[in-house]
Amino acid sequence: MELIKRRYIKQSLAFFIIRASAMLIILALFAIIGLIIYNGWSVISWTFLTKMPFNSMTEGGIFPAILGTFYLTGGAVLIAFPLGVASAIYLHEYSSRGKFVRIIRIGINNLAGVPSVVFGLFGLAFFVIFLGFGSSILSGSLTLAFLILPVIIGTSEEALKTVPQSLRDASLALGASKWQTISRVVLPAAFPGMLTGAILGISRAAGETAPIMFTAAAFYTTRLPASIFDEVMALPYHIYVLATAGTDIAKTRPLQYGTVLVLIVMVLGINIIAILLRSRFRRNF
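The numbers in the numbering used here rise by one with no breaks, and the one at position 177 of the sequence shown is 177.
This list has only true hints and no planted wrong ones.
With a straight-line Cα cutoff of 35 Å, these simulated DSBU-like cross-link-like pairs (lysine-lysine) come out:
no.: 1; residue 1: Lys99; residue 2: Lys161
no.: 2; residue 1: Lys178; residue 2: Lys99
no.: 3; residue 1: Lys178; residue 2: Lys161
no.: 4; residue 1: Lys251; residue 2: Lys51
Here are the in silico distance ranges between beta carbons for each label pair:
no.: 5; residue 1: Ser12; residue 2: Pro254; range: 45 to 55 Å
no.: 6; residue 1: Ile106; residue 2: Ala250; range: 47 to 57 Å
no.: 7; residue 1: Leu167; residue 2: Ala28; range: 38 to 48 Å
no.: 8; residue 1: Ser95; residue 2: Leu121; range: 23 to 33 Å
no.: 9; residue 1: Asn271; residue 2: Gly113; range: 17 to 27 Å
no.: 10; residue 1: Pro115; residue 2: Glu158; range: 21 to 31 Å
no.: 11; residue 1: Tyr94; residue 2: Phe126; range: 23 to 33 Å
no.: 12; residue 1: Gln180; residue 2: Ile104; range: 20 to 30 Å
Note that these hints are calculated values from the structure, not bench results. Note that the structure is a prediction, hence the values are computed from the model and not measured. Note that CB positions come from ideal geometry on N, CA and C, so glycine has one too.
Start from the sequences, fold in the hints, and give me the full structure.
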């Protein structure tokens, strides 16, 4: 009886610690978001969202930064998602469980842990200088694509693992080839889970500063990009500039919070759209 009582006390204490930790995280999240909304809501206006910055970026809007963030994030996902899905299909459906595949998996896991500033320096050396793309949307998107590629590969492979083997066997038994089975049976079933990787990739790519600082982001520009070889302003780098290198940091502080709020809302909106698409694909299947 005494043993059962001690186990009950330990279990209750463990549950209390878990609940307290979860509540602490939630409170911290709401405190941060509340602080951003409190300090940034006053500057949100139609002008702020649709106009160009002027007067040393202490006035005007952030439209070029919003547009640049969409370009860079969208380009990164368009590049990384097909590559990530194709890599996951090879690793799970075609490759043998040998030494070569183990080396690939180790490389993917290590790539996921590389600091973002290293990706930025890689993009600068390879895309900007070696390939001659210059500081541009293309260089920034490619760099961000490499940054989020391990996440997409991992989630896509996990999604493929959730598809029952019986579906593959039934398709092959009916005379379908392996590729027909993968493209018409396995991929539609796994696609909702693969979109999770795209959602995580969007969230990370939209908020990164170091990779685009070296490859795509402009300190300030008075024109919108006309091609993928133009540099752009972007919300994360714009926030960094306002907070560290502005001509009047105290005056731009409300603009900093307003820009952060816009970035959070934009990422949240993109994620909600992706989640709705994932739910729709899941229902259809």
